[in-house]
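Chain by chain, the residues:
Number of protein chains: 2
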Amino acid sequence: MSRMHNPPHPGEVLREWMPEGMTVTEAADALGLSRVTLSKILNTHAGITADTALRLAKWLGTSADLWIGMQGQYDLWQAAKKPRPKIRSIATKLAA
Amino acid sequence: MSRMHNPPHPGEVLREWMPEGMTVTEAADALGLSRVTLSKILNTHAGITADTALRLAKWLGTSADLWIGMQGQYDLWQAAKKPRPKIRSIATKLAA
DNA sequence: TTAAGCGTTAATTAATACTTTACACTCAAT
DNA sequence: ATTGAGTGTAAAGTATTAATTAACGCTTAA
Numbered sequence: 737m738s739r740m741h742n743p744p745h746p747g748e749v750l751r752e753w754m755p756e757g758m759t760v761t762e763a764a765d766a767l768g769l770s771r772v773t774l775s776k777i778l779n780t781h782a783g784i785t786a787d788t789a790l791r792l793a794k795w796l797g798t799s800a801d802l803w804i805g806m807q808g809q810y811d812l813w814q815a816a817k818k819p820r821p822k823i824r825s826i827a828t829k830l831a832a
Numbered sequence: 737m738s739r740m741h742n743p744p745h746p747g748e749v750l751r752e753w754m755p756e757g758m759t760v761t762e763a764a765d766a767l768g769l770s771r772v773t774l775s776k777i778l779n780t781h782a783g784i785t786a787d788t789a790l791r792l793a794k795w796l797g798t799s800a801d802l803w804i805g806m807q808g809q810y811d812l813w814q815a816a817k818k819p820r821p822k823i824r825s826i827a828t829k830l831a832a
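Chains as they are written, first to last, in this note's numbering: chain A, 737 to 832; chain B, 737 to 832.
Among these hints, one or two may not hold up.
Same chains, same label: a pair holds when it works inside one copy or across any pair of copies.
[What the hints assert, rightly or not] Computed cross-link-like contacts, DSS-like style, restricted to lysine-lysine with a CA-CA straight-line distance of at most 25 Å:
(1) 794 / 818
(2) 822 / 776
(3) 794 / 822
(4) 817 / 794
(5) 776 / 794
Simulated from the structure, these hints should not be mistaken for lab results.
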């Protein structure tokens with residue numbers, strides 16, 4: 737099976753997980769990140785690192801996997817948009 | 737459920753996928769990467785980027801997901817070893 | 001003994017995450 | 001109307017990391 741298309745930036749999803757009424761400033765403090773860094777993530781201007789995924793997991797009680805996986809899907813989708821040299825499948829070669 | 741522990745570096749796994757008798761030089765050519773870059777990956781001295789994952793997928797006929805996911809698990813595991821400030825779970829806070 | 005293949009290093013370039021500082025904006029409360 | 005909190009964003013600096021090419025020394029097979 738192939739993959740979801742146009743996967744969301746993890747920041748968009750994180751938005752939904754943010755506790756009601758909690759400010760970005762408070763959340764950044766809770767996570768031990770700067771306000772700027774968290775703001776960038778929430779506004780899709782920075783990605784989730786493994787370290788950040790672990791912080792989110794602790795904070796929200798999710799798996800770290802969820803966040804790192806989301807970032808991976810997003811990265812893949814973005815990368816797929818860019819040009820890349822044609823690569824011959826090994827199967828094609830073996831069949832030849 | 738939690739996650740596999742000590743997940744392999746993607747390079748180790750890639751080793752197993754390398755077609756019998758194919759040289760590193762040939763594989764690097766097929767992937768459009770330099771020999772140095774592929775060698776580093778295979779010897780666990782560099783990671784798999786989204787771009788590289790897409791190349792491997794094309795070449796080997798796997799999903800790109802497989803490779804990016806493996807890298808994510810590896811990164812997570814490595815990051816988990818490093819010290820990180822204690823983070824209070826939101827659940828704890830809500831319970832308070 | 002040559003040539004191929006390999007691992008590795010070095011030097012360089014390019015992204016990208018993170019920090020702090022700073023500025024301008026909105027909005028609610030006084 | 002002015003303050004203050006919260007926000008988004010930009011700039012400047014640090015650090016990490018993936019990629020390149022060039023080069024070296026090693027091993028192995030022809």
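How the hints compare with the structure:
1. Taking the closest pair of Cα atoms, residue 794 and residue 818 come within 25 Å of each other only across two copies (15 Å); inside a single copy the shortest separation is 34 Å, beyond that limit.
2. In this assembly of identical chains, residue 822 and residue 776 lie within 25 Å of each other by CA distance solely across copies; the values are 22 Å between and 34 Å within a copy.
3. Proximity of residue 794 and residue 822 under a CA criterion of 25 Å is satisfied inter-copy only: 9 Å between copies versus 42 Å inside one chain copy.
4. Taking the shortest Cα distances, residue 817 and residue 794 sit within 25 Å of each other only across copies (15 Å), while inside one copy they are farther apart (33 Å).
5. In the homo-oligomer, the alpha carbons of residue 776 and residue 794 lie at most 25 Å apart inside one protomer (20 Å), although the nearest pairing across protomers, at 33 Å, exceeds that limit.
The structure is consistent with each of the numbered hints, conforming to all of them.
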